[in-house]
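Colleague: Following the hints, put chains B, C and D in place on chain A, whose structure we already have.
There are 4 protein chains.
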Amino acid sequence: MIIVMEHKASPQLVDAVTTRLKQLGFDTHLSVGVERTIIGAIGEKRPGYMEMLGAMPGVERIVPILQPFKLAGREWHPEPTQVQVGDITIGGDEIIVMAGPCAVEGEVQLLEIAHELKRAGAHILRGGAFKPRTSPYSFQGLEEEGLRILAEARRQTGLPVVTEVTNPKDIQLVAEYADMLQIGARNMQNFTLLREVGHVNKPVLLKRGLAATVEEWLMAAEYIISGGNSNVVLCERGIRTYETGTRNTLDLSAVPAVKHYSHLPIIVDPSHGTGRWRYVTPMAKAAVAAGADGLMIEVHCRPEEALSDGAQSLTPTNFQQLLSKIKDVAQAVGRKSGSPAVV
Amino acid sequence: MIIVMEHKASPQLVDAVTTRLKQLGFDTHLSVGVERTIIGAIGEKRPGYMEMLGAMPGVERIVPILQPFKLAGREWHPEPTQVQVGDITIGGDEIIVMAGPCAVEGEVQLLEIAHELKRAGAHILRGGAFKPRTSPYSFQGLEEEGLRILAEARRQTGLPVVTEVTNPKDIQLVAEYADMLQIGARNMQNFTLLREVGHVNKPVLLKRGLAATVEEWLMAAEYIISGGNSNVVLCERGIRTYETGTRNTLDLSAVPAVKHYSHLPIIVDPSHGTGRWRYVTPMAKAAVAAGADGLMIEVHCRPEEALSDGAQSLTPTNFQQLLSKIKDVAQAVGRKSGSPAVV
Amino acid sequence: MIIVMEHKASPQLVDAVTTRLKQLGFDTHLSVGVERTIIGAIGEKRPGYMEMLGAMPGVERIVPILQPFKLAGREWHPEPTQVQVGDITIGGDEIIVMAGPCAVEGEVQLLEIAHELKRAGAHILRGGAFKPRTSPYSFQGLEEEGLRILAEARRQTGLPVVTEVTNPKDIQLVAEYADMLQIGARNMQNFTLLREVGHVNKPVLLKRGLAATVEEWLMAAEYIISGGNSNVVLCERGIRTYETGTRNTLDLSAVPAVKHYSHLPIIVDPSHGTGRWRYVTPMAKAAVAAGADGLMIEVHCRPEEALSDGAQSLTPTNFQQLLSKIKDVAQAVGRKSGSPAVV
Amino acid sequence: MIIVMEHKASPQLVDAVTTRLKQLGFDTHLSVGVERTIIGAIGEKRPGYMEMLGAMPGVERIVPILQPFKLAGREWHPEPTQVQVGDITIGGDEIIVMAGPCAVEGEVQLLEIAHELKRAGAHILRGGAFKPRTSPYSFQGLEEEGLRILAEARRQTGLPVVTEVTNPKDIQLVAEYADMLQIGARNMQNFTLLREVGHVNKPVLLKRGLAATVEEWLMAAEYIISGGNSNVVLCERGIRTYETGTRNTLDLSAVPAVKHYSHLPIIVDPSHGTGRWRYVTPMAKAAVAAGADGLMIEVHCRPEEALSDGAQSLTPTNFQQLLSKIKDVAQAVGRKSGSPAVV
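For the protein sequence lines, the chains are A, B, C and D, in the order given. For the first sequence, the positions run 32 to 374 when this note's numbering is used. For the second sequence, the positions run 32 to 374 when this note's numbering is used. For the third sequence, the positions run 32 to 374 when this note's numbering is used. For the fourth sequence, the positions run 32 to 374 when this note's numbering is used.
This is chain A alone, in the form it adopts within the complex (with noise of 0.2 Å):
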């Protein structure tokens, strides 16, 4: 790390500087300028120095130089890594689309749609029987009943299973049921339930947090990966900012960002990312140009009687379509893209 002294820093607070810095391990290099005195720190990087080096007099500001994560890096970690879900792998030649209503709201409607979502060439099957929602009043979820209705439409269609878990108390369960876990926007940064599903040998899917940037994100995978559980699966989802045209802001140069600094597979969910169900087809095609892996689709039989993000929701019709129309993207850029409408 480097140290940046203040203007006129005296020669003694340089000294207490390299001292303390000396002290914790590191060696020390000074560079003496016309307006600054900056002081190189070299080490082993442990988290909390820049912290306490930050609080000495005279100091300006401290310049990490490391990346903070490791295991979730490139740097020792150059290959690509393929996450197995089911028989379907996420982060190979072929698109990946999770696809299904936001929340599992019967067994009736889920059957119908997981049919629908199989015949249409949709490789893993998402719903929520867990659901945080922004009101106590809202629906929250079918809980072990939702899993169970999850756990029959695989059985029904073979498509693998996709479900959010939020409390670290239900991680066993959802885990007896589903395919893959996920953590939601919400809980990227619930630091005790990313570390428990690190021991669960299961693979995750991380969604982004709404005001996370893609170095925290990556730290957040770094806690589910140093417990032990290297299936780890990163969702754009869209931000937080001023713009309120669309529900979030799809970031999708999180994409080429993510496959830059990391090698954990990406995929998209512009379903969330844009809020209306008129933008998800577009922000679908141009995620599989940036390079994402797969993406995330709502779809509903009937948005309009959905419990949950109606609005954003595709038909079975329009995700059909989507498909189509993914394919095509995917072979302009190298990819490939299961079959639609496979009857």
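Treat the hints loosely; a few may be bogus.
A pair counts as met if it fits within one copy or between any two copies, since identical chains are not told apart.
What the hints assert, rightly or not - Within a straight-line C-alpha distance of at most 25 Å, the following computed SDA-like cross-link-like pairs (lysine to any residue) qualify:
1) 101 / 246
2) 53 / 64
3) 149 / 336
4) 39 / 346
5) 101 / 59
6) 53 / 260
Rather than coming from a laboratory, the hints here were simulated on the basis of the structure. What you are looking at is a predicted structure, and each value in this text was computed from that prediction instead of being measured.
Modeller: Then chains B, C and D, alone, in the frame of chain A:
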């Protein structure tokens, strides 16, 4: 709510929406303008209906009219709430100051600072035993040992204790030791945790999420209150913006906004809000002038050795000066402030 | 517009608002709910009325119903606009690529890159003669000499020229040399400049402001069109967010949003949008997949010697590869793209 | 500046960068760590060099060390600047209050409010003659007639006048009538305008841009000062964030930040900062407590008839109460405040 139909939406589409509204139990009210038809829907607000209707063909957007919070709102509860923490009252005339280190690092450290704070005139002792940290390699807190130390500090100084809880399963444990439970910014929408602290007989300090609107924050309070626990104190601690000169952007307008919409007390944390100890005292003064009911301040005997957040911590001497300045501002705005330095 | 009255606003206050609305020429429409009274106001939209009414006692808020833009909007002009720049058509089938250095640094530099771009298959040459720079000490552009060099490059290559104008008094000068006038992001709400380019017979490239909503951007276009110049092309170039890993956050959802609300063509600038040359090609592909009508790309023969924006500039070789990849994506989404490398 | 090389950047790439640095006149300083090589470059800061070097192969990023502003900065000009407007001093002991309507709407309106403000104790009269409005169909100001009316109000009340200039060609005209020129938020990076007001012998009120960092704001001041006009007063007026409950987010931390980095006076505009008259007085008090040198407040005799910004305007009665409260806070923080209501 108001349903705005698209330009040139056909009468059939308008009919379909009004029919659906009547099915859902709303009275409707049609207003046909030159460019737009709008439908007013009068009836009990049920969450989820807005999203459903937003998915109907011809609907441009839905405008909610009622506030989503009820129990946290001032409309049905005009008088301000006062929250009792030990023998301290938050939301009364007096400006309440919570102070202490970011993390409990050890017994000697905490007892030393606790006595300093008591002498200086702080009202409540803060200190983290469970620390949510961005990096899995950072100091994560002393956990139950930290709680024990906090309780010992209370025994010696008489200061009530507030500390963060991050995992639903730890709530009982933390409640045994602490006088007030803190929900941190990263857990403001950890609805599982909110629901559980709603069942506990301890006051809750609810920090604003990094990218939460005031409305979402009040909805988080609504989760707690609707669970049965109405002793909620809000804490503004800065929001995430594009500005990098401060750690967060302290949104002091949230103080009059919360006072306008809610009956709950609100305090301000200028330490996290700015991230720089130089700005803590001016922003503490500003918070009191804006109408805050209290402050949360990070204080550490040796900030340059703090295991967390050193750069934003005051020394005991600086803290004592802060209290003395706060006293003057409190008087100017018709509030009281405990006499600093009451040895 | 809809006027939402405060909870428990008295009938007198409601009357005062309806009386005022009638004075202003609106038909009104009262809807009395249990918690709120709302007043619908039907009539011609006149700007400023919303703000006035928002100041009346008992008014909680005003909800606009109509879109503020008319001439830039699709409602009264459903067919897409095509803009002609020399013999190039923007908004037709073909993806149009504008390319060139950030700044015109000298004749030799510009002619060299112009010939490279022509060979590679670019359609329009870009280059700044008047440079709005954050620092007064940065290179501010060659001004008229820069314009002359651009015109010479056009003479030699046949590429039409787009360049920025920053001062109303320079508009005539720039219009003499250039084929298209660019309004930069920092001037998107320089209304004086917008009004003046509205009186000029040259197409305008209107970049989105750093923190502008899509609605405000379309209102900026409305300024130009209402002045008489309807040849406006929009350019998404990234918005300012909390994310620091990229220079800006490229908001590609703006592409379908603009297509939905407006008839104007839209292109995307992934160079400023990301600020990092590594991300330019993936985001250019994504832009085309999202439905953009064209691209603006920074290219410099020796980025490491560029006087401005080197870190986001492609070399001619990288640019040629970009064009070849764009071609495939354009075909996948049913668009044409000029054959790259047409020597 | 510091050049951070990529992980595993070859010695050849490192050599190329150090060679280029030496060509550019820098002394270099190599520090080879286990994971990264970093190069310190010592020498005169020349803008543009950072961007060039960022384009060199093997360079990960460039970290600037020096502040980009010189004349606006406190390092070489430690004593605070005082700016004289008529016989009013901004930046001294007294809290200076600028007040008036958003727009000059007519002579009768302005004279009425001007006399009210004078009686209440305001120091400077504000009012817009050239109005930058989001919509081309909104009231755009009375232009020269508005300036004439402002001058007449000054003649009658003795209050100096501040008004906005938006077009470089109007600067002379505005300077003939006004005592202080205002650069509005939307023009904070209209560098042409900044450069031109740098050549004028009138104090300048420079509002912060909607999405400007404090550093960029000080760079805008640097443009003016480097042109020869050092009488610059900064005005914080809220920044754009995701929060929609207020019109902007008033960033009061900018007050201590500006005081730390710069010698220029800073005032605060809580009217635009919040957009809601209810929040104006609490935020005005907070601004003074945070250390602001003054306030800018919108006041209108009949806000419900204002042609612009009614919802954020105070009535003269409310304004008088604001001044009386400000007086108490000013005393509490060791400042003076003109006795309100000095008839």
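Colleague: Between the shortest in-copy and the shortest cross-copy C-alpha distance, which are at most 25 Å for residue 101 and residue 59: within, between, both, or neither?
Modeller: For residue 101 and residue 59, the Cα distance is within 25 Å only inside one copy (23 Å; across copies 29 Å).
Colleague: One pair to classify: residue 101 and residue 246, alpha carbons no more than 25 Å apart. Within, between, both, or neither?
Modeller: within (11 Å within a copy, 32 Å between copies)
Colleague: Between residue 53 and residue 260, at a C-alpha cutoff of 25 Å, which is it: within one copy, between copies, both, or neither?
Modeller: neither (36 Å within a copy, 48 Å between copies)
Colleague: Give the relationship of residue 149 and residue 336 under a CA distance limit of 25 Å: within one copy only, between copies only, both, or neither.
Modeller: within (22 Å within a copy, 54 Å between copies)
Colleague: How do residue 39 and residue 346 come out at 25 Å by Cα distance, when the copy is not named: within, between, both, or neither?
Modeller: between (66 Å within a copy, 23 Å between copies)
Colleague: As a check of your reading, is residue 53 near residue 64 (CA-CA no more than 25 Å) within one copy, between copies, both or neither?
Modeller: Cα proximity of residue 53 and residue 64: in one copy and across copies (22 Å, 16 Å).
Violated hints amount to a single one, hint 6; each of the other numbered hints is respected by the structure.
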